[in-house]
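S.K.: Listed below, chain by chain, are the residues.
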Amino acid sequence: MEWINILVQGCLLGGLYGLFAIGLSLSFGIMRLVNIAHGDLIVLSAYVALIVVEFTGLDPISGLLVILPTMFLFGYALQRGLLNFTLEGGLLPPLLVTFGISVIIQNGLLLGFGAYTHRLKLGAIETQSIVFPGDMAVGVFPLITFGVAVLSIGGLQLLFYKTTLGRAFRAVSDDADTAELLGINKRHLFALAMAIAMAFTALAAVLFAIRTNFDPGAGPIRLILAFEAVIIGGLGNMWGTLVGGIVLGIAQAVGAALSPTWQILAGHLAFIVILIIRPSGLFPRTRD
Amino acid sequence: MSQVQVERGTRASRIFSVAAIAVLLGLVALPWWGGPGDMRLVAEMSYYLALAMLWNLLAGYAGLVSVGQQAFVGLGAYAFFYLTSALGVHVYGAMALAGPFAGIISIPVAFAVFRLRGHYFAIGTWVVAEIFSLGASLIEELGAGSGMSLTPAIVHQVSANRDGRETIEYWMSLGICAVIFAVVYVILRSRQGLALTAIRDSEPASGSLGVNVFRTKLFIYVATATCTGMVGSLIFLQKLRLSPEAGFSVNDWTVVVIFMVVVGGIGTIEGPIIGMLIYILLRELFSDFGSLYLILMGVIAVAIMLKAPGGVWGLISARYDLHLFPVSRRLMRGDTAVTPDQSENSRNLNSRPTKHTVQ
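Note that the protein sequences, when read in sequence, are chains E and U.
Residue numbers 1 to 288, in this note's numbering, belong to the letters of the first sequence in order.
Residue numbers 1001 to 1359, in this note's numbering, belong to the letters of the second sequence in order.
In short, the hints are calculated from the structure, not lab data.
Only a predicted model underlies this, so the values are computations on that prediction, with no experimental measurement involved.
Fair warning: there could be bad hints in the mix.
What the hints assert, rightly or not - SDA-like cross-link-like pairs, simulated, lysine to any residue; straight-line CA separation at most 20 Å:
#, chain 1, residue 1, chain 2, residue 2
1, E, K162, E, S173
2, U, K1307, E, R187
3, U, K1307, E, P93
Said to hold, decoys possible - Pair by pair, the computed Cβ-Cβ distance ranges are:
#, chain 1, residue 1, chain 2, residue 2, range
4, U, F1214, E, L165, 38 to 46 Å
5, U, A1178, E, A77, 32 to 40 Å
6, E, H188, U, G1026, 21 to 29 Å
7, E, L165, U, E1141, 35 to 43 Å
8, U, L1281, E, I276, 40 to 48 Å
Note that beta-carbon positions come from the ideal geometry of N, C-alpha and C, so glycine has one too.
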């Protein structure tokens, strides 16, 4: 019974990791851009949420009405104004520019907010749980997080495979230059993709910030978790990314059950094992 | 003067090597004309330069953009601390073993991370470094999360008094930096170096011309890991204290090093030297500003990458056709380099057209 409980908790934790990974997966899938600053952008979004909540007095969930559009615009500007210029010259420019952005965000937050830990408050729902038969208590909030992850990925799948915009995204992903010949504005579309990625990143960030404390240095480990979820799931496959997150969450839950200090390490080890057995992930789609 | 000859050294490079040797001799004599503060600074510059040259060899030439070199700094340091403290190995013996230990560990690591391409390789190497860091914090024999310290008895093996120790450790830093410089220079001028340069310019093309891409990359990865481990043992001999956060710090041993290489000029020998000097200069001037100074570093790195991807040295060498440490062969007609138009083979190191005068 205890093991089923561990599996369920790990699975729900995996929902959050899947959410972390959406932004990374989108920017890789469409722009072939691996964003080293992704973790720091999650943390930046959490701070934006903190500011919005403090200034408007809204609860974090209603605050999403302000937070998501803000980060959407921020993502558009970031891609159009900066990252688009890194995509021509091979491997190093995007990597190093996003690395620079990561350093700037971390230290900017440190300068603005200090090294204190913060947390968003949502009231009683944070600690409520539903008791299932067999005395298994499942937290309401992790359940909501998992549901949001499933809905987000389902929504993105609809966007990608049922809309004109989605077709354009898939076209630039397959061959950006040919897509441009057919009248697609690559720079605008890339910026739009980053805007969508940032909106989902902000969504993940708010749920994360309600669940856990965060501080300016919390980014890199979030990047690594998101990256592991993407690789485990297979590049370019959204549902695969969610499964990757779940595998990671379960590995961590099992590790934590053995000894609390083993939680993160168990996740990393699961990642390495899968990398060695199946280098292209469980469900690969995009080839790089 | 129409005969074409192949040349490596230039007049500038010959003058510069004499100057470089003079500077090196001056630095060797520093204990007699400088204070302990100067020695500490130059020692730090030496090991940062060593790390920067190694990362440049890895990323700039072999195309292995690793963000996980702190793994080998930490492994070398932990091997050194464990050998001296727990097994009673003499300091110098432990230092000689620390590098090869990191090198041996890097072989299985390479087989895992080489499965990842490009950017994913970068983050994959970072994950590996995290695994070593978390692993070290779980092992009781390595002091777990709180780490280890070198006992006075071990430190006295270097020298019984503080001044003597600082002087010897200073010379060791300088020596390791010079040795690593020589290793990198020799590798780049060898057959391996030619293969590396080919891989940097185009992996499929070099593969089709008979370069064994995997073996060359593996060789470079293991060689840099070995040297990085050696530098790691030296750094922590000077720091005397080692913890998982310090030994496996991504910021101290990789981010700073990447900054130096990128700002100086990646894929050139001169770049890391210039980048290290710029970094140290900026730090000495602005480090009092704390976070603001790190933001400045980030802005500089982003700006350089966008506006001058060849770094400061790239700008200088494109402007003046200057090669201080020539590794590529150039076709010369008389005193003038043959331009790329006249010869397909004289494509320059930075694979950007450089300005030559044609007679």
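S.K.: Next step is simple, just say for each hint if it's right about the structure.
M.R.: Outcome of the hint check:
1. E/K162 to E/S173: Cα-Cα ~16 Å, so holds.
2. U/K1307 to E/R187: The hint holds at about 19 Å.
3. U/K1307 to E/P93: 10 Å, holds
4. U/F1214 to E/L165: 38 to 46 Å: 41 Å, holds
5. U/A1178 to E/A77: 32 to 40 Å: 47 Å, violated
6. E/H188 to U/G1026: 21 to 29 Å: 57 Å, violated
7. E/L165 to U/E1141: 35 to 43 Å: With a Cβ separation near 57 Å, E/L165 and U/E1141 fall outside 35 to 43 Å, so the hint is violated.
8. U/L1281 to E/I276: 40 to 48 Å: 44 Å, holds
Going through the hint list in order, the structure does not satisfy hints 5, 6, 7.
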